[in-house]
Amino acid sequence: MAERYDLVIVGGGPAGQAAALALEGNGLAIGVIDEQLRPGGQILRQPPREFSVASWMTGKVYAPLLKQLRQFEAATGIDWLGGRSVLGLAPDAGHGFALTVSGRDGVETIRASRVLLATGCQDLAVPLPGWTLPGVYTAGGIQAFVKSQQIVPGNRIVMAGTHPLQLLIAAQIVASGGTVAAVLFAQKRRTMMRQLAGHALKAAREASALLPAGAAMALLQRHRVPVRYGESPVAILGKDRVESLRSTEREIACDAIGLCYGFVPQSALPRMAGADMIAGSRAGGWSTECDAWFRTSVAGLYAAGETTGVAGAAAARTAGTIAGTGIAIDFGLVSEEEATSRVSHARSERARHLEFADLLDTIADPSGHFPRIEAETIVCRCEDVPSATITPLLDGRSANAVKLASRCGMGLCQGRNCEPTLLRLLAGSGRTDEDNGFTARFPARPVMLGDLAAPK
Amino acid sequence: MQNADVLIVGGGLVGCATAWHLARGGAQVVLVEAGDIGMGASGQNAGSLHFQLERRFLENGEALAEQAAQTAALNRLAIDDWRRLETELGADLHVVMDGGLMVAETAEQVAILERKVARENAQGINTRLLDGDEARTLAPCLSPGILAAGFLADEGHADARSVTRAFAQAAAASGASLHSRSPVTSASRIERHFEIGFRESTVRAERLVLACGAWTPILCAKLNLHMPLYPVALQMNATERTGPRIGHLIQHVGRRLSMKQTDAGNILIGGGWPARLASDPRGAFDPAGKPVLIPASLAGNLRAAIDTAPFVETLNLIRTWTGVTAISADQLPIVGEVPSMPGCWVAGGGSAFTLGPTFARLMAQAMVGTPTPELDIVSPARFEHLNSFMG
Amino acid sequence: MRIERRVERQAPFSIIVEGETLPAYPGETIAAVLIERSPTIGRTASGAARGMFCNMGTCSLCMVTLLPEGRRVRACLTPAEPGLEIGLG
Ligand SMILES: Cc1cc2nc3c(=O)[nH]c(=O)nc-3n(C[C@H](O)[C@H](O)[C@H](O)COP(=O)(O)OP(=O)(O)OC[C@H]3O[C@@H](n4cnc5c(N)ncnc54)[C@H](O)[C@@H]3O)c2cc1C
Ligand SMILES: Cc1cc2nc3c(=O)[nH]c(=O)nc-3n(C[C@H](O)[C@H](O)[C@H](O)COP(=O)(O)OP(=O)(O)OC[C@H]3O[C@@H](n4cnc5c(N)ncnc54)[C@H](O)[C@@H]3O)c2cc1C
Ligand code: FES
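Protein chains in written order, with this note's numbering: chain A, 36 to 491; chain B, 225 to 615; chain C, 4 to 92.
Sample of chain A residues with no beta-carbon within 10 Å of chain C, all distances over it, derived:
no., residue
1, Ala-37
2, Arg-105
3, Gly-249
4, Ser-282
5, Arg-317
6, Ala-334
7, Ser-402
8, Ser-422
Heads up, incomplete: computed chain A residues facing chain C, CB under 7 Å, no partners named:
no., residue
9, Ser-87
10, Gly-170
11, Tyr-172
12, Pro-188
13, Cys-448
Hints were generated in silico from the structure; no laboratory data involved.
Glycine included, every Cβ here is placed at the ideal spot set by N, Cα and C.
With the hints as extra help, turn the sequences into a complete structure.
The following block contains the structure:
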């Protein structure tokens with residue numbers, strides 16, 4: 036590890052890799068930090084090195100991402116700092132940043148002149164009665180078990196939500212020998228088709244991106260997995276674990292459930308650093324505001340990929356290329372003119388991906404489809420705060436004030452799961468003034484006191 | 225234009241408690257708060273109820289220590305106030321007064337502790353000096369490295385998240401009118417009245433209470449007054465929940481440390497470690513800005529906690545937050561009527577979580593003419609020289 | 004359920020979870036080993052059964068204790084190692 040890096044990239048997904056590769060060979064000391072042991076990010080969460088998995092992620096859409104991943108792994112000028120979580124970052128004595136980083140054997144400070152945040156997104160957590168029962172996961176969590184750990188986390192899985200990604204995940208489960216009891220879309224099929232048709236032109240150009248969904252549908256049909264539309268989960272039932280899901284139409288026996296209502300940017304680090312944020316996607320959350328070269332409002336701090344808005348892996352990758360090239364401008368390695376021409380291809384590709392992302396965002400829009408929350412439904416999982424505790428506090432006060440009064444958002448996850456729900460409740464209570472959500476606090480991930488007290 | 229008997233600026237603990245005392249005494253009270261109730265220092269603090277002399281008074285010479293000891297009368301009143309508070313407010317505030325230990329790890333610290341205990345006893349505060357083993361019998365979480373501890377049975381802690389809200393609710397129930405999200409933008413004295421502007425309203429009253437914590441000097445400036453209160457930014461830490469391990473308030477005589485376990489099971493660790501205050505565009509300190517964490521403060525605070533109660537070492541830190549409070553020029557609180565501006569009261573500075581309920585009660589009493597000699601030592605009169613050129 | 008199709012794992016070792024011996028394969032996260040046992044990995048403050056949620060390090064609902072050291076880690080990010088002893092709750 037370097038004494039001090041010219042650039043630290045947080046996140047080794049498509050965006051982080053692309054940025055590193057855009058800068059490789061320039062003589063810069065670059066470190067890429069990720070809490071996963073291996074690079075790949077969420078879309079290419081790799082199996083452990085110790086496994087050998089034949090034909091992993093063979094779909095056509097993954098090919099360019101896999102190619103980039105292998106290039107990244109082969110690159111010599113980039114330090115891979117896997118298995119480490121970034122807890123926070125702060126200006127470092129007048130120059131650059133000091134990142135507080137925790138790993139298996141303690142906390143260390145990693146210094147860098149510039150920092151790129153490519154921390155991706157996370158599943159939107161959606162409360163409904165019973166969602167805290169063991170066996171309820173985020174859809175992405177189930178998928179990560181399947182593609183990385185090579186485990187199907189249940190014998191009969193129900194996927195429910197509004198995001199078409201659940202078709203892919205269901206197909207991956209089935210292809211791995213697992214059983215999917217049903218895939219439930221809250222929205223009507225008609226509405227989805229209309230939205231698709233409304234975007235027909237653009238969608239046709241991005242047909243390759245739709246292919247996996249088509250293939251997934253076919254596979255699910257072959258395995259007689261019911262895919263139902265206009266059917267929402269109402270409650271999850273079970274004594275000490277999931278036993279069934281009650282939907283608007285029926286009760287479905289199952290032992291695991293994946294909730295798939297879309298994704299929100301990971302925003303802990305940019306918010307902690309004081310970067311300007313804007314409202315995230317239709318699903319909620321906060322995106323980091325950036326200029327055309329992915330500079331944030333904080334000097335020396337950049338953000339790329341889904342930290343700046345959820346738009347899919349391909350878009351994240353182009354953003355990484357542009358951000359990396361922009362960072363080269365700021366290091367004085369390339370003129371803005373030269374850089375502009377270098378990324379012209381990435382920019383036009385990106386524009387296409389963003390169109391597709393907008394279509395997907397429209398189709399997957401969870402607003403209007405959230406399950407009903409009952410008085411006793413837990414909103415904050417960490418602190419066990421039911422909606423009944425929160426409702427009387429919705430009198431115009433801020434999210435921070437509700438947090439202080441109710442403990443909603445005071446737990447281990449730092450409010451990452453409940454903040455979007457709370458902000459929806461606040462908005463629904465007729466509050467009109469802007470609310471920036473919870474104040475982001477150190478540490479972005481829990482860390483052992485002893486490690487912090489004696490940093491390496 | 226609305227009229228009131230008393231106008232209070234600031235909806236922290238001090239403002240809300242004052243509103244409650246005045247309102248239930250029959251006064252017409254209007255309280256104006258810039259943000260939400262209790263979201264300033266009153267919602268960010270450690271919740272320690274410390275009645276032993278604070279370490280900060282012991283590290284700056286004998287004169288200060290002696291002067292601080294003179295506030296013991298206030299501490300004695302505060303002990304009684306806290307014991308009654310949950311009943312009076314009819315609220316569960318997690319007030320725990322099972323005692324507090326101020327520990328020492330070195331012979332030098334033990335000597336400071338001895339002098340401190342003697343000073344307190346002379347003022348009627350019944351601190352006892354325990355040796356290390358006695359301290360560990362009382363609080364088994366303490367490290368074998370602890371040589372002695374000052375023990376005061378009345379110390380403890382309360383839930384800072386709920387106390388101010390409870391005062392606010394009680395004040396409202398007694399008829400006070402509370403306006404949150406209403407920054408006061410103008411304040412002026414017109415003959416024998418004060419006029420305060422916020423949002424689209426103006427309120428006029430004969431009495432004004434400035435209870436705006438670290439913002440008090442800014443409000444004072446609107447009235448052409450100097451008030452030597454300075455903003456300071458402090459860091460606080462919370463661990464994940466754990467089973468019951470710490471029953472007391474734990475402090476350290478030689479290192480900055482306060483530790484306690486909340487009702488939910490989190491261990492709160494603080495003790496006055498600084499964060500960096502934010503500044504405004506002109507470069508002046510900005511109490512409203514988010515302070516920047518100082519990593520060395522964090523490490524130092526956690527080190528002191530681990531050295532004192534080693535079991536915390538393997539717990540996870542889940543949050544470090546910063547808060548802004550006010551400290552006065554001589555470290556003692558400033559509470560009372562401003563001599564050069566009759567009718568204008570200030571209350572700020574010091575450990576006003578512990579003492580806030582008492583300040584509020586005494587100010588309300590003083591306003592109706594009941595003598596409050598305990599407030600003399602903290603009166604703003606001692607800084608009147610600063611206002612002698614303020615025309 | 005561990006996927007067998009197209010996956011080759013190395014020889015398993017064992018870890019101890021709440022006194023119970025469980026097989027683990029090199030490379031597996033503690034979360035993977037736990038989920039093969041039960042989706043329940045502890046209790047909430049109010050005593051309700053608790054499971055993991057995100058499997059990507061952001062929710063911290065999978066916190067387990069490494070024994071005898073006492074360190075608390077996110078199970079979904081931490082690889083199992085031979086001889087590891089884990090406490091839940
Ligand atoms: C669980 C999950 C599954 C998904 N599956 C798919 C899919 O199958 N198909 C699809 O098209 N899209 C999927 N998505 C969306 C997908 O994330 C993006 O399309 C793409 O991976 C985004 O690339 P990125 O580089 O922006 O971020 P990511 O690929 O998410 O990479 C971000 C990386 O940053 C790391 N990181 C974040 N915070 C920290 C921190 N504080 N310290 C250290 N490291 C940190 C993460 O471990 C991660 O590896 C998924 C998203 C999630 C959350
Ligand atoms: C981290 C930390 C730990 C602490 N620990 C302890 C402890 O353990 N024990 C203890 O006794 N003390 C402690 N203190 C000190 C204690 O919190 C304060 O002394 C006390 O809360 C002060 O209360 P207050 O009502 O005077 O001020 P505040 O709670 O700060 O309230 C002032 C209010 O005035 C409002 N205001 C400001 N400007 C305007 C305006 N223009 N118009 C309207 N309203 C305005 C603010 O929004 C704010 O709500 C701690 C302080 C901090 C920061
Ligand atoms: S399951 Fe969310 S952090 Fe491990």
